[in-house]
Structure formats: C-alpha cells, structure tokens
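Given chain F, work out where chains W and L should sit, using these hints.
Protein chains in written order, with full-length UniProt numbering: chain F, 1 to 213; chain W, 1 to 314; chain L, 1 to 566.
Since the hints were derived computationally from the structure, they do not count as laboratory data.
Among the hints, a few may not be true.
EDC-like cross-link-like pairs, simulated, lysine to aspartate or glutamate; straight-line CA separation at most 20 Å [as the list claims (entries may be wrong)]:
| hint | chain 1 | residue 1 | chain 2 | residue 2 |
| --- | --- | --- | --- | --- |
| 1 | W | Lys245 | L | Glu527 |
| 2 | L | Lys398 | F | Asp40 |
| 3 | W | Lys135 | W | Asp156 |
| 4 | W | Lys245 | W | Asp262 |
| 5 | L | Lys495 | L | Glu527 |
| 6 | F | Lys102 | L | Glu271 |
| 7 | W | Lys197 | L | Glu271 |
| 8 | W | Lys138 | W | Glu98 |
| 9 | L | Lys395 | F | Glu53 |
Values in this document were obtained by computation on a predicted structure and should not be read as measured data.
What follows is the residue order along each chain.
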Amino acid sequence: MMAGRGRGQLTFSVEIVGIGKGENLPPSSVQPTPLFPPLDQKPVPLQTGEEAEYMLALKQEFRGAMKTLPFYIRPAAPKKDVERYSDKYQKTETTDNSLEWKPDWRRFPKELRVREKRPQRDKSPAVPKQPKQPRVDKEEIIRKLETLEQKEKEGSSDEEEGEKKKPEEEEAEGEEEYDEEEFEGETDYVMSYFDNEEEFGGDSDDNMDEAIY
Amino acid sequence: MTEVKVKKESTDPVDIENRIKELCQQFPQGITDQVIQNDMPHVEAQQRATAINRLLSVGQLDLLRNSNGLLYRLKDLQSASKVKGSDNQEKLVYQIIEDAGNKGIWSRDIRYKSNLPLTEINKILKNLESKKLIKAVKSVAASKKKVYMLYNLQPDRSVTGGAWYSDQDFESEFVEVLNQQCFKFLQSKAEAARDSKQSPMVQRNSSFATSHEVWKYICELGISKVDLSMEDIETILNTLIFDGKVEMTIIAAKEGTVGSVDGQMKLYRGVNPIIQPTGLVKTPCGLCPVFDDCHEGGEISPSNCVYMVEWLDF
Amino acid sequence: MTTQEVRLCGLLLQEHFGDVVEKVGTHLIRCGVLTLRALAHETKLALDLVKKSLCVLMQHGMCTFGAGRRGPAGPVEYRISCERILHMLRYPRYIYTAKSLYGDTGELIVEEILQRGQMTMSCTVKTVADRLTHNMPEGQSMDYSEVVSSFSQLVETHFLQRCPPVASTGSSNTGAVDTPPPAVAQPSEPESHPDCYRVPYINLTGQGKRRRSSEDGEADQRAAKKAKIDNSECGDEGIFWQVNFERFHLHFRDQAIISAVSCKLDQTSGEIVRTMLRMSEVTTQANAAFTQALSANEIFRALPSNYNIARPILDQYLTLLVDDPMEFVGKTGDSGGGMYVVNLHRALANLARATLESVVQERFGSRSARIFRLLLRKRHLEQKQVEDFAMIPAKEAKDMLYTLLSENLVQLQEIPKTPDHAPSRTFYLYTVNQLPTARLLLQHCYKCFDIYLFVDTIQTIGNLIERRLYETKENKQVPPFSTIQNISSKRLLEKSQRIEAILASLQATGAETAQLTEVEEMITAPERQQLESLRHHINKLDSSENQVDETIFLLESYINSTEASR
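For reference, chain F alone in the conformation it holds in the complex (with noise of 0.2 Å):
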C-alpha cells in the first residue's frame, strides 16, 4: 500500500525530527497549500531513438491488433442498419486479421463450450463485387459520415438504457446438452465458436469504456 503523504497520518512524532512548534513547517501542515503545487524538477526527456520509436509502433499495433482478434470479446455489436461506405473497404482487413479460433477442446473444460445455432455465415452480408475503379462521390462519403455521427450520438443515449434491460439468458439446461458427436467432429460448430457476436444481442455497453475507474 502506498503511505499517506504526512497529511495527519505521519508515523513518526514531528518533534523527533526536530521540528518545533510554529518553527521551519512542512508545507501541508500550515498554510493551505495549492492543489498543484509547481514543480521544483521536470522529468527527464523520454528515451528517443530506434529501439524506443520501434517499441512505441509495436505496442500501438499489438493493441490494434488485438481489437480485430476474436479474443475481443464485445457484448454485442449494434445493429449496422447503416451501412458505411468504408465498410467495402475495411471488410478485408477485419476477416484478414481474424482468423477463426477454434479452442481445442482436448484443453478447455467441456462446460465452457456454448450451444449455438447453426453457423450463420451466409446471413453476413454479401460483399458485393467492386468495380475496377471506384467512383469517389465525394458528397455520399460525406453524407455517410453525417449519417454516422448522428447514429452515434443517437446510440450513446440510447446505450444508458441497454445497460439495464440485461437479459437473463438462462440456459441451465442448454450448456449440458452439447453434442458429443459435434465435438469429436470439430465441425463448423466449432469454428464458429466466436464468429458471430450478434448472437448475444442486448447487452450493448459500448460506453464501458469511459466507465475504467
């Protein structure tokens, strides 16, 4: 733990240290001090360089990495009833990164397994073929954009309120019933594991970001 910075908590007597009343105080203890008080030693300048530069890039690209992996779990996507015209392109790089995961379950204990409907792949979105030379219509990208700012401040209010009506998704019986057959399998069942997060629709918190501390 961390110890107190001598405001009436001090572990040792005041005057044992020499300091008489009224005489030479430490600065918590007499006048109000400002809540920032000015800085006697800047810190040193950071580490430049290669190795600090490449390091930086590392770690920013891990943590964006790690967001288009499956192990990021989000509870559930809001519903794209807007489709963004950047989706076309942001498509590749979302199914390049995420390869499916497929626990071995010879590892995992059975009970985590989760019964799922069929895999659903063919209910994602076609992606539509694109032609060889993309038009820019520069007002649709911007009216896309508008478009999308608007669905986001819609969505922030309305994510207050996801947060309560947290269904109970009762399965007691569900997770016991897996097939043995599938599992042994390895089939589609399990590669899509984690495939579709719209299945776990309701729990939208997309401001449990904010909410760290």
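Just chains W and L now, kept in the frame of chain F:
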C-alpha cells in the same frame, strides 16, 4: 631628522612591527596612527596598515577609542595592569577563562567553577569583554550557545566548525564549489587515463588520485580564503562518494610517502553510474508531489492534472 | 495483490480483450477461485459471455482450471494469474527482443503467439510466412522452412515452450472418468514435462501466400478453409506453443547486467560478462544467486573471435571486475587460470539500488540523493551525523530528511537507552530499507502505468464524462485537457481512420492524385491539428508505459531474487 636616518629606515614587515611595539612601550597610554606615521614617514600606508592589523590579530596590540580617535596600545602590559586593578572575583573569572584555552568555556561552567552567582558572573564577563580582555564566541556545536576565551586567542575548530564555517554559519556554497572542483579534477584524471590506451590495469591505476594530490590541486586553484587541510579535502571527497560519483580505496603506503597517514593512503577515482536515469522519472507521474492523493474522481485526479497537461503539450 | 495491481490487470485485460473479459477477470482476481456458475451469478453477465471470457483467458495462459474443493466430482474451479496478466505490459519488449535476436521472422513468430496466446507450430509457420511474403516485393515469397528454422531456434533457446498438457478436461458432468484433474492450486509447470522444448516433426513444405486484395474475399475464405484442412495434415495437432516469459526475463536481466558493466567499466568488460552469461545460460538455474563457475581459460576460448583480447589482458579485465566495488564478478578459485562467476543477485541488488537512487535524485534533487545514498551505505545515522557526512546545513538536512521520511523512502528507528523509552534518552536513527523501499516504488510504478493507460483512454475516446464532472465542480481555473474541444476525439479518430481506409483502397486501385487529395481534404485543417496533437499525446503516453516498464522490471527482478534467496 636627517636623510641618513631615512635611508636606514627599514621597510621589512618585521622591523615595522617591532618599531611599532617600541613606540607603544614609550607611550603606555596608547599611540595614534599619526604617531606611527610621523615616526616612519617613508613606510607606505598600506604596509603600515598590514603591520598594525597583524599585531591586532595576534593579540599584541589593542585598539581603543578615545576623544582623539583610535588608539593603539600594547596588550600584555595593559591586561596585567587592568587585572591588577580589579577585584579578586574578576581575577578568578579571568583565570578560569584563561584555563579553558581556545576551546572556550560556557558561562554556566564558569559559575560551577567559581561558585559565584550567575548575575555577578554576567557583570564581570561584561566588564572583561568591554576591556577587551576576553571575548564571546558562538559555538557551532550548539547554536545560541556562547563560550568565553581570552581576547587574543584563535578559537578551536570544535568551536568555529573549521573551514566550513564563517562566523558560525555553515558555508554551504563553499562546500558545493569544492565538491564540484574535486570531482572535476578526478574526472579529468579518469578521462586522461582512458585516453592513454594503456593496458586496462594501468588505465585503472592512473585514474586514481591520492587525497594529497586533490588537496594540492585545490590549494593551487586558490579558491579558498582559508587554509584547508588534507582532512578537509577528504571530507569533501566523502560527499562525492555519497553522490555516487567517486569511489575510494585504501592502500598500504611506505612510511614517509607524501600524503600517507599511519602507513595508509586513500585513493580516489571518478566513476560512471551503472544506469541512466530510470524510466519512471522520464514520465510525469514519476516526479509528482501529490501522487498519493491522486485518485480518479478525487480533487486531484489524472483527468484534471495540470502537470500531465503541461507535459503532454510540451 | 494490491489494489494497484488489480486495477492495472483490469485495464490491461480491457485494452486487449474488451470490457467483458475485464469484468470476468477482475472479479476472479478479487475472489481468487470460483466456479463458472458463481462467476456468472456474481458478475451478472450472461453465462455465454462468461464462458467465452474464460476461454479467452485460458487460451492466453492467464487462467487455469481444475477440480475444486469438492474433489474431481465437484464443479470445476477457475483461478486467474495476475502475474501472467501483468506480462502484457511488457509485450512490446518481448517482441522487440525476438526481433533483435532472430530478425523479422523471430519478431513475427513471437508477435503472433502473443496475440493468440497459444498456437501450433504449423499454424504459426504458415501465418508468419504469409505475413512476411506479403511484405516482400511481388514475385518473391517466404519459404516455410526458413520460418520453421527460426521457430526451432526460439525453442532451442527456450524462448518458446510447449503448453503443458492438460491432465483431464475437468468435465464436471461426466464425473471422474479417467485420471483426476490436477488441483487448481498447482497448475502444471511447463518445464516439468520432458517434451517441453522438443520440436515436433511437421509435414509442411511450401511458401507463404500473398494476401489477395479486396476483390476476391471468397477466394480468401476458400483459402482459409483449405488452410484448416492443411492443418490436420501437418502432424502437430494438439501441440500448442506459448511464449516462455521467464526465459525472456532472464535475457532482460542479463542485458541489464551487461549494460551496467559497460557503463561502469567499459565496453570490453561488458563483452566479457556477456560471454560469461552466455556460457552459463543453460547450466545456471533461473533463480540462482550466481552463474556456474567458469575458468579464465574457458572464458578466453569463448570470447567472440573479433574481440582481440590477449590472454594476459583478459586476466587483467577479470581482476578489475572482481576488484570493482559493485562486485558484478566474483572469484571462486584458482584452477584453470582462475574460476569466476557472475554475481547475479548482487548485480540485481545494485541495479535496484541505483534505480531507487535515480528516483530520489530526479524527484528531490542531488543533495537529498546524497543523504539517501549515505543512509544506504552507513545503514543507521543520527541526524547530526547525516549533516556532518553529507555536509549539508542542519536546517536543510532536517527538511530533506522530513520529506524523505514522509514519502516513506527513509525510516526512523527509535533505540531507547533506558527501559522507560523517555524521548530524551532515546537514539533516533535514520535508515533506508532497500527491499521495502523497492516494493513501495514498484507499487508507485504500477499506479503510474494505471494512470497512463487511463489517460490514454480518455484521450482517445474523448473525455466527455470527466469534463462534465469537472465543469460542475467549477474548477474552471484548472485547464482541462487541451485536446477536448467541441468534437470528441473518438469520433475524430474514427473519421480519420475511415478516410485512411478509403485512401488506402483508392491507392491500391490506382486512383489519381486529384482524387486522393479530394478525399484527404475531407479532414479540415483544425481537425488535422487536433488529430496531430492527439497523436502526439498518445505517443508520449505509450512511450511512458514502455519506459516505466524498465523500472518495473528491475524492481521486480530484484524483489523476486531476494525472495528466492531466503
């Protein structure tokens, strides 16, 4: 006076001092500067002043003031006659103070030894002080404590605190200047050793300096108004050890080697630190004075931190 | 586990795996050991989410499971490892080290395995070869065999190891079928298995595949399916590999010692110590106080050939190393031209001490640091002695001691001369206790990390809640974060990312410059400025995290070494 006599007049400092003392003996009630000037017209004012100051400082002369201005008077004659004229109590106190030597004595101890009431002692001390027979010196050992000693004595180190004290005040800046100078000396020595490209052992050995060498270097720099001893310099070198900049080794030395004490010699060398400033102190929270009070949602928090804002924008 | 560490673990989990895993993880840390049902009930999260989270944590080796208090027939219990979670703050350094030792291939292997927690060798080789191929000029590709060889080297040098086999699936509903699952308290140690560092034969030949551009996503999917089928043909199914953090830490420790020797003595001395450490790498126990003894003859033969050191010169260097007060190297005998060891624990203690001194120096100035070092060396001193040795006037020394005391960097000991403990007959001695002080500072570092992660987040998402709170407090004289303007940073970042994505794909399809400029201009000048300062801030915060970790590593290593030698 004739010109011959003028030519004979010596400008040797010792002769001047002796002549001044002779004059004082001729005029036991004291002489003015004018008397001296008349006696040796060809001695420059500067030389005259030096001689007088020296005599005053070694306690042979007394400086008095009367209606005509300043008077110089021989001391020994003076004190003897003074004490002779004073009463026995005064004599007793004077004796006790004299016995205490240049370490001085505290007034309470005078009381124990003399068995006189403190009020009486204070009166006598005041009297002796005004006659410039004794003086009060503030001791560094305990501030606010005065010790008494004979007027002409040079107080002991234990009273003055030695070279580092000027009038009982510790001369911090002087110490820091010496600290830096000593380090500079050792550092340049280490650099020279490195550049010599000799074998590693020779390099290491030539980076060492004895305390005597450092002492000599500092004396020759002439930055000190007071005479510093080799011990004084070792005290300074010790602060460099605690600064993590210097290491010390003791080696056996042949009897009579310069700088050796009791067959031992202290060797010092400037060294490099083993790490650069650690990562923590390169970031704002590493130096934060209100770190322990910092909590999200508190009065001091990461999101309203002025240090952080300043540092991020820098 | 201190609150500081719990909080930091939570932030790290959140950063890498999202909020749900963070919730599950934090709850597990607080409660120690829990069953799935209890965890779901207490976190009030949907059961499926808890299951997924546990899978993620186990996949990354941060959570173990086993039979609970009610034995093999009872429900499985889960236990989380804070220590393992905290390794996440060092990920960039593991990857960087792999790069400096084994080049780009080593870098990508370690990066992939860290991202996925555990991987089979064949899967790693394919993924890495594909990534490398993608970055090569058109027409070239990376051969699998090259990646296999780097992978094998990483295993031979113990930077990678097999995940320990699981004794049983720990399934609660089938009851105890075969051997009982291991108790939760003793997760199986990887090194206790003979095959830990044995590279399996894998049936894999070919080159990395270039990623296709956006058009043929279907072909991609087909390729992915095919890869899966390939997987089963490589012959290493079920053999998963993980990063051996302990091995990396030993490497970091060695690097720190070499760097300390080079700074204090010189480059050549550093090289000699490097050679000694390398020679004893395999034969010295991880937490040994010193390396195995090496003779001067052996060291001489093992020195890199480009280091032209004559034998007598080596002896001189060794003597100087032994003579040095830091005692990095010790002499244990005279055979073989002298037997030498590297004093590992001693070196760590010196490094930790220098770290503490550095903190006091930068935070309180060089004269407080003088007092601090003085107390470290002389152990117990009265105030007067402190003044005399440090040559600091009483009043100043008193102030400095007071400050150090109130920050708990210095302690005061009372030694009564009489049994009545009367203050007038008591010695008051100042002292510095290195180990507790190192512990204190380590917590300080964790909290710093906490703060940087947190500020990073509020910078990125836009500090809307905080700002509102703050304005209602009417603390208007304190400037808020300057980046927070009328548009939230999160939205701005997303906008810029979208535009970058558009730009990238336009470029890929060979769009004209005019088109590109047009898209670029969709970010307004003030927005661009805001973006730049935001990036500047995030870079500084991220660099801070990396650099605070240096301090954390040295302090942790010292604390662990001291505990190990008890």
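Hints, verified against the model:
1. Pair hint Lys245/W plus Glu527/L does not hold up; C-alpha atoms about 50 Å apart against a cutoff of 20 Å.
2. Proposed proximity of Lys398/L and Asp40/F is supported: the alpha carbons are some 18 Å apart, at most 20 Å.
3. A threshold of 20 Å between alpha carbons decides the hint, and for Lys135/W with Asp156/W the separation of about 14 Å falls inside it, so the pair holds.
4. For a cut-off of 20 Å, the pair hint linking Lys245/W to Asp262/W is broken: about 27 Å separates their Cα positions.
5. Proximity of Lys495/L to Glu527/L is assessed by CA-CA distance (about 10 Å); at most 20 Å being required, the pair is judged to hold.
6. As the CA atoms of Lys102/F and Glu271/L are separated by approximately 46 Å, the hinted pair breaks the 20 Å bound.
7. With a CA separation close to 18 Å, the supplied pair Lys197/W and Glu271/L stays within the 20 Å bound.
8. Between the alpha carbons of Lys138/W and Glu98/W the distance comes to roughly 17 Å, so the proposed pair stays at or under 20 Å and holds.
9. Under the criterion of a C-alpha separation no larger than 20 Å, the hint pairing Lys395/L with Glu53/F is inconsistent with the structure, at around 45 Å.
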